[in-house]
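Engineer: One letter stands for each residue in the lines below.
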Amino acid sequence: MPGQDKQRNRQTAQQKAALSQGEAASSVTGERAVSVGAAQVSVYAYSGPLPPADELARMAAVYPKAPEIIFGQFEKQGDHRRWMEKATFWGDQLRSWSGMLIGGAICLAFGYWGYLLIKSGHRADGLAAIISPLVGLVGCFLYAQHQQRKERLSRLDKLAPPTSAASGDKRLGR
Amino acid sequence: MSEFTSVLFARPNMIEGAARILDFGNTLTEYNRALTPEQADAMATAADWRAVYDDLRAAYTAYIEEHPELANARSG
Chain A
3 MPGQDKQRNR QTAQQKAALS QGEAASSVTG ERAVSVGAAQ VSVYAYSGPL PPADELARMA
63 AVYPKAPEII FGQFEKQGDH RRWMEKATFW GDQLRSWSGM LIGGAICLAF GYWGYLLIKS
123 GHRADGLAAI ISPLVGLVGC FLYAQHQQRK ERLSRLDKLA PPTSAASGDK RLGR
Chain B
-3 MSEFTSVLFA RPNMIEGAAR ILDFGNTLTE YNRALTPEQA DAMATAADWR AVYDDLRAAY
57 TAYIEEHPEL ANARSG
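Quick note, the sequences are listed as chains A and B, same order.
Counting from 1, position 94 in the first sequence corresponds to residue 96 in my numbering; the numbering is continuous, with no gaps.
Counting from 1, position 55 in the second sequence corresponds to residue 51 in my numbering; the numbering is continuous, with no gaps.
Just so you know, the hints here were simulated from the structure itself, not pulled from any lab data.
Certain hints may be false.
[To be verified] Stretches of chain A that chain B covers, calculated by requiring three or more beta carbons in the stretch to come under 8 Å of a beta carbon on chain B:
| id | segment |
| --- | --- |
| 1 | 92 to 100 |
| 2 | 128 to 142 |
[Said to hold, decoys possible] Partner residues aside, some chain B positions facing chain A, computed with beta carbon under 7 Å:
| id | residue |
| --- | --- |
| 3 | Asn28 |
| 4 | Ala42 |
| 5 | Leu66 |
Note that the Cβ used here is the ideal one computed from N, Cα and C, for glycine as well.
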């Protein structure tokens, strides 16, 4: 049974060289000799997880369940890949939303605590309790803006040929 | 997932999520924009081929780790 748990990349090559197709002929017309030859090279290759139909049929002749197994593994591999992409995407979204909810909850909690402090007569402490998480959020905002921009442009830089010194900004005309 | 899948934008994270509390102007939503459709096509094609290059390189590295004698033969 062919190993299907990893990507198959198989190449089959058939080379046929027929220098003598019975065509080599020579004739003499007066003093001139003419020689005719024919060469044929045939290369057959494929790449991918699924073999071509004729090869699949040959496999089925040897092992009848082979097509079912090969197609089943192909389907599972596709499902797995799509699941990984979905998990990455939703993981990113979950982290983003959880950051918003947790940051918001901390701000609200500190705000309420500050309100209680002010109400109980500790005005300076209360204001500090309200303002400090906001300062943290502003820091988060500035850092995230810088980091996101850096990450975004670094991807453009990676697309450049190794010899190019142009940054993402320059290539986009900014 | 290759980083070239999301070549047009930075991936979200927790700090970015917290920062969005103050992002009333939606300034954190930004994309790598191209000046022309042709440039956009070229960028997308380059990203695709770069992802292919990364895959090939990963496969090559894994194979060389399994067969270190091939790496020596190449350098020698």
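Engineer: It remains to establish, for every hint, whether it holds in the given structure.
Structural biologist: Hints, one by one, checked against the model:
Only when three residues or more bring their CB closer than 8 Å to a CB of chain B does the claim for the segment 92 to 100 of chain A stand; here the count is 6, and the claim holds. Three residues within the 8 Å Cβ limit are the bar, and the segment 128 to 142 of chain A against chain B gives 3, so the coverage statement holds. The beta carbon of Asn28(B) is positioned within 7 Å of a beta carbon in chain A (closest approach about 6 Å), and the interface hint is therefore held. The beta carbon of Ala42(B) comes within 4 Å of a beta carbon in chain A, closer than 7 Å, and the hint placing it at the interface holds.
For the restraint placing Leu66(B) at the interface with chain A, the shortest Cβ-Cβ distance is roughly 17 Å, beyond the 7 Å limit, so the hint is violated.
Hint 5 from the list above is the single one not met by this structure.
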